[in-house]
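What follows is each chain in one-letter form.
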Amino acid sequence: MQNDVQQRVKKVIARVLEISEDQIADDANFIFDLGADSMQSMELVAAFEEEFDIEMDEEKALDVQTVSHAVEFISSYLK
Amino acid sequence: MMGLFRGNKINAGEVSMNMDFADRIKNVEALFQPRSIAVLGANNVKGTVPSDIFENLIKTEFRGVLYPVSPGEKRIGSVKAYKYVVDIEDPVDMAVIVFPSSVMHLALEQCGQKGIKSAIVISAGFREVGGKGIEREKQMVGIAEKYGISFIGPNCLGVINTDPDVMLNASFARQMPEEGEIGFLSQSGALCTAVLDYARAKHIGFSKFVSTGNKAQIGEVELLHYLKDDPKTKVVLLYLEEIRDGKGLMDAAREVIAAGKPVLAIKSGRSEEGAQAASSHTGSLAGSDDVCDAAMRQAGIIRCRTIEEMFNRAIAFTYQPLPQGKRVAIVTNAGGPGVLTTDAAVDLGLEIARFEPETTKFLKKKLPATANIKNPIDVIGDARADRYDWAVSSVLEDPNVDGVFVILTPQSMTEIESIAEQICVVAEKHDKPIYTSFMGEADVAAGIDILQKNHIPHYILPESMCDAFSATHAFREQMGSSYKPFEPLEDVDRDAAHLILDKAAADGQTWLPEDQAVEVLKAYGLPLYESEVAATPAEAVRAAEQVGYPVVIKIVSDDIIHKSDVKGVVLDVDSPEAVAEACEAMLERIKKAQPDAMIKGFFVRKMIPKGEEVILGVKRDPTFGPVVMFGFGGIFVELLKDVSFGVTPVDPQTVDRMITGLKASPLFSGLRGREPRDMASVRDCIRRLAQLAADCPQIQELDINPLIVLEDGKGSFAADARIIL
Chain A
10 MQNDVQQRVK KVIARVLEIS EDQIADDANF IFDLGADSMQ SMELVAAFEE EFDIEMDEEK
70 ALDVQTVSHA VEFISSYLK
Chain B
219 MMGLFRGNKI NAGEVSMNMD FADRIKNVEA LFQPRSIAVL GANNVKGTVP SDIFENLIKT
279 EFRGVLYPVS PGEKRIGSVK AYKYVVDIED PVDMAVIVFP SSVMHLALEQ CGQKGIKSAI
339 VISAGFREVG GKGIEREKQM VGIAEKYGIS FIGPNCLGVI NTDPDVMLNA SFARQMPEEG
399 EIGFLSQSGA LCTAVLDYAR AKHIGFSKFV STGNKAQIGE VELLHYLKDD PKTKVVLLYL
459 EEIRDGKGLM DAAREVIAAG KPVLAIKSGR SEEGAQAASS HTGSLAGSDD VCDAAMRQAG
519 IIRCRTIEEM FNRAIAFTYQ PLPQGKRVAI VTNAGGPGVL TTDAAVDLGL EIARFEPETT
579 KFLKKKLPAT ANIKNPIDVI GDARADRYDW AVSSVLEDPN VDGVFVILTP QSMTEIESIA
639 EQICVVAEKH DKPIYTSFMG EADVAAGIDI LQKNHIPHYI LPESMCDAFS ATHAFREQMG
699 SSYKPFEPLE DVDRDAAHLI LDKAAADGQT WLPEDQAVEV LKAYGLPLYE SEVAATPAEA
759 VRAAEQVGYP VVIKIVSDDI IHKSDVKGVV LDVDSPEAVA EACEAMLERI KKAQPDAMIK
819 GFFVRKMIPK GEEVILGVKR DPTFGPVVMF GFGGIFVELL KDVSFGVTPV DPQTVDRMIT
879 GLKASPLFSG LRGREPRDMA SVRDCIRRLA QLAADCPQIQ ELDINPLIVL EDGKGSFAAD
939 ARIIL
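Protein chains in written order, with the working numbering: chain A, 10 to 88; chain B, 219 to 943.
Among the hints, a few may not be true.
[To be verified] Okay, derived cross-link-like pairs now, EDC-like style, lysine to aspartate or glutamate, Cα gap no bigger than 20 Å in a straight line: (1) K356(B) <-> D72(A); (2) K292(B) <-> D62(A); (3) K420(B) <-> E659(B); (4) K350(B) <-> D31(A); (5) K301(B) <-> E27(A); (6) K702(B) <-> E527(B); (7) K69(A) <-> E353(B); (8) K292(B) <-> D46(A); (9) K88(A) <-> D46(A); (10) K301(B) <-> D36(A); (11) K702(B) <-> E397(B); (12) K292(B) <-> E27(A); (13) K450(B) <-> E397(B); (14) K350(B) <-> E59(A); (15) K859(B) <-> D874(B); (16) K301(B) <-> E68(A); (17) K350(B) <-> E68(A); (18) K301(B) <-> E59(A); (19) K301(B) <-> D35(A); (20) K301(B) <-> D46(A); (21) K364(B) <-> D241(B); (22) K350(B) <-> E30(A); (23) K292(B) <-> D31(A); (24) K450(B) <-> E659(B); (25) K264(B) <-> D46(A).
[As the list claims (entries may be wrong)] Partial pick of chain A residues on the chain B-facing surface, computed with a CB cut under 8 Å: (26) D42; (27) D46; (28) M51.
[As the list claims (entries may be wrong)] Beta-carbon label-pair distances, calculated as ranges: (29) R24(A) <-> P309(B): 47 to 55 Å; (30) E58(A) <-> D305(B): 32 to 40 Å; (31) E68(A) <-> R392(B): 44 to 52 Å; (32) E81(A) <-> E459(B): 40 to 48 Å.
No lab work stands behind these hints, which were simulated from the structure alone. Even for Gly, the Cβ is constructed at its ideal location relative to N, Cα and C.
Excised from the complex, chain B in its bound form (with noise of 0.2 Å):
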């Protein structure tokens, strides 16, 4: 009996983790589609998980063959079962595992040997739970990779696929969802739970529902793949509480965009741990959370902030074709909700539609005389189907018309039902899209059911509709673009970044100060004023005299990190004997302030002319690699935090946004009088720097603050750099 397992012992640490990415995604199909299924630990204790997961495959009318395996139970309800899984005769495709995670090396190992390539793991004990937990974690990768299975979970909810001729409800959930468009993967299975019960309630539908749990293995990585190409999938949905593959869900993200379909991510656990224990300006700024924020955007990913945000989202994309402008018309019967849609609707940036005289005529003609015929659309408190029909028909044929907002309040006069009903059918007519706000709760329910069961949008709240809209506008518009990163750049000299960078750390260094900092900047053909490095304060009245007057003047110590803070920057000084005395007085401070600082010297370089500062850095991010980030800057970056990243390898319009992001951009393009900024000049200097971060893996964190932004035409220039190794 038990001479199966002897000698199969596997040891995680001696198997080859050599299944690629192509290997684990070819088996994912299986995990939704199989034809036969082993459940591997079901019992027959009701109200157990591995009694439930069996329960719900049987209640949903699974498909195909089904399987209980049980050592101690001859049968699992009325379905024979078996004491192993290499005990069933037939082929079986896919294994539902939920024996406790003490066992589950032994469960997988025999799935491998019985040829299965698709597993859920559903039990817990594992990486979630440390200790032991990790090495069994690791273990069943082994066992996983060994035999070329790829597995869902561990510690998951399960997997449903709603497809008609499937029916998998391989869960402990409580119920099957409706059969929709939507593919919704979650890190949490709890959250899963909550969401079936939400999303019953507003009949919303789901293609494939994914509790990935640990990721051991499949992650959102692999099944984004697969849901870019299911049929049955529209629009995806993530919940993620960790990103393992930063890169790789941005490709993964990207990929499924180009498909038509969007992607609308919840990414919880907004850490700030990572910034805290930085040194340089940039690293303390970019935040786990802001890159993560700027990578999403990067990849196209729409980023929601809960739950209800991103199913009011997900529903117009799901039930209603998207809009081709941003002008919308109101409809409402009220003249407060009205305006409060269009103040919602035009900070979220949508027009007001501006209608055709014919389509105001007709207005005339059909409504009241108290009605309003302009957008906002008023068809008054009385107003019957009809009069919504007249109006929710007439602005969807006006050519400045993108999109409507019915709203409607329940007044005595209301015929709720009907007006609900009336909308579906001039929705059906239609091929612009309808979002509808029936505003209140409990005497609008049967009205917004009726929407709800007809896939029309609804929102509670005027605010939430146009943002819908908003995001459904602004996927429209990114269709078009395709992410094309910049080529690399072969005016730089790698090698000579590499040689300096090697060197330092060689030598123990942690940090490169500015002399050093800026050979490697130099090396990347970032901008830089002649500048030289003097050992005396005479030296430094020769340097100035080679550099040109005016001169600034900065202590070169690898003790002193902000120079600034030891007053250890003299700017603006013009002659042979302010150079001399500015050195004299430097030392005199730094002697008092930091008394065991080793001065090397001083740095001293021409003064570049007046400008608007900039800061520019690099930062390496644990999830999504190097990052580059554009910002205010000066002494002040930390205080003002106006920021923006960008994930290397950066494209063009990346760079753009970066720079347009700033709630200072307004500056650089010439704000009350001022010269317009060589802004052509600060991207071509993200992009080096972009390159640089990406060539230069030492590299952990790199400030210029500031780059000096002259006027258009003029160029920028770092006047200040630091390199953190």
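Bound conformation, chain A alone (with noise of 0.2 Å):
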């Protein structure tokens, strides 16, 4: 299941931030590496939760810094 959210969360990303997959490492920086920005951020907060049709708690999700980060906390939802 993991590896199915993984990919997911890396399609929904180079989709937000029109980049493509192979530019997605585990532990990119959504920032830092991805150059993500703060609406950019949002967006994928949003997109996440149309995604995997949860709803996250926003300021939590905003903490998120890492696509591993990302999977993990996803993932808590989906249990």
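Both chains are sitting in their own frames, so use the hints and assemble them into the complex.
Below you can see the structure in the form of structure tokens.
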């Protein structure tokens, strides 16, 4: 399941940040490595919620800094 | 891609914070004169800080090379962007970091790996927001120390250097200021933008302009050291909200001033919270702002109350030569403003110059019969540029004149612009200062603009003009004197004092009553009359016989800090019967007033003859360390609030200023037939007390109240003392 979540997370990131999936390392930092700005960070949270049909704690979601942390965070909502 | 950071996560707590002052200031030069800059976190979103900073660097034509670093962009404007700073092939002198605080550690870590030694951290979200922000700031300092990086910020507007060879505007200010000779350091970024706007309107230029932000590492102390040697800077202005290193600031300012550059400062936040919590007279009188005021004066810093006052003084320092004396000539085209200026000048201690006969003769010949040829010179309302020229030139050539105030009011025949131009021509020919006040606003605007463009100090109000002259004159006066603190005294017994203080602390005491406090004072040679402690009224009688009549009797109890409040002091007791009676009566009174107080006995001391009562005290200031206080004393000290302060170590000048700075000071030199007091002994007491405060960190607060100052040559003696641990 973790692998499936990871792939879907990367797809969402690629779409929102307009980059190719192979540019997204597992431990890439959204801001520092992928260049997400504050608006895109909000968009990512909304896109993850839509993709996984979940409602995340927005404050905690915006604290998530890396792809691997995002996978972990989203997985906690899917249990 | 991410491998660069694996295993490099840093824990600030594990980092050795051993980057010393010399290391920090070594890299400061690169902050102002970088040959290449990487802007980390740049973007193409117009109207954002990252975009504006990069645009400002481009717009002002920075003379070095720029490298935008942006993980999400291929280019910033038309300049190729790098994904990481470590991807830049060439060496980089300085980094400007605008990444959000959450990834600042990653950005700074990479700067370290790239070998960058200087950085400006613009981003907010650190100590100023508390919580995680504090941790982030600590972490950032840790990384900087690990790599030997010196950085300004975080949470700042940036840095500007107007040197034509550099042209650095690494800030998000709207405009690059004009080139000038003022170095401006401000803790508030927002204030920086307002100051830049204010200065632009008045053609005031800057050499360096720095927003210091949170001062996590580089602060005003390091920057003052840099500006001291900066040939482009003539005057330094500071806007401070907090001072972290008070002694460092004082030392750095002294060095700048010794280099001939005045330091002017505004310190905001005049909080009295610290004073409210104090339990001694000194503690409650020595508010943090009073101490700050004293410290600045002691260091030679010119403290200003407002931005306007600071710039009014700064332009006088920057544009004109320092006056050689305080004799001023006033040239005006209207009587009223001349009188106003005279009043303001005299109030500030300036002298209205008396002209040489040749000057008066020349003025009589050139000016109309209705003109006033004495100081202030009134060239009359219909004066044109020629009359101003004759008057100003002649008084500037007069050896009795140290500076000239030129006043103009816009009357129907006044040629405002040509008079302004003529003043500029005259100023150019002389090496004495000329200050101007073209009074009004709309009609005089064009004239003022000419003066300001030509760097003739202009003031809306004559009072501000006088204040600026007074400040430059005071600076000129103090320039000759250098700070030499007193040599440590050798006839003191530091060990004895420590023994008493340490024992009291070990016994859980929070303060030392008089019987113990006098022992500490004795160890430092502070003058005391003979005294004894007696456990009972009968013993008190024996003690009185021992020290000699008349005596003063005071209650000794750890539970009674203010003895007068419970009538625990009886003065002038002159017989054994009276001593016994006074002791019994005192016990009765205290039994009623404070029944729970544990009475240890009676402190019996020979009465000190009548004299002037002053207070001496010590307080430990969190910013400036041990501070000594001197004031007009007695039980009304808090009501009168006539006190002065000195930060230790004190020097002879500070001690003199502490005494002469009191409103009551004329009383000491023999006012209205009173005998002059022994102020030499007071000076010695202040010096000894300052050393005691510096030597004994156990002392939080100390009061000697009163110290009774006898007639000249007869000394002064501590009549009561209390030490708070």
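- Task: Could you work out which earlier hints the structure fails to respect and list their numbers in ascending sequence?
- Result: 2, 4, 6, 9, 11, 14, 16, 18, 22, 24, 28, 29 and 31
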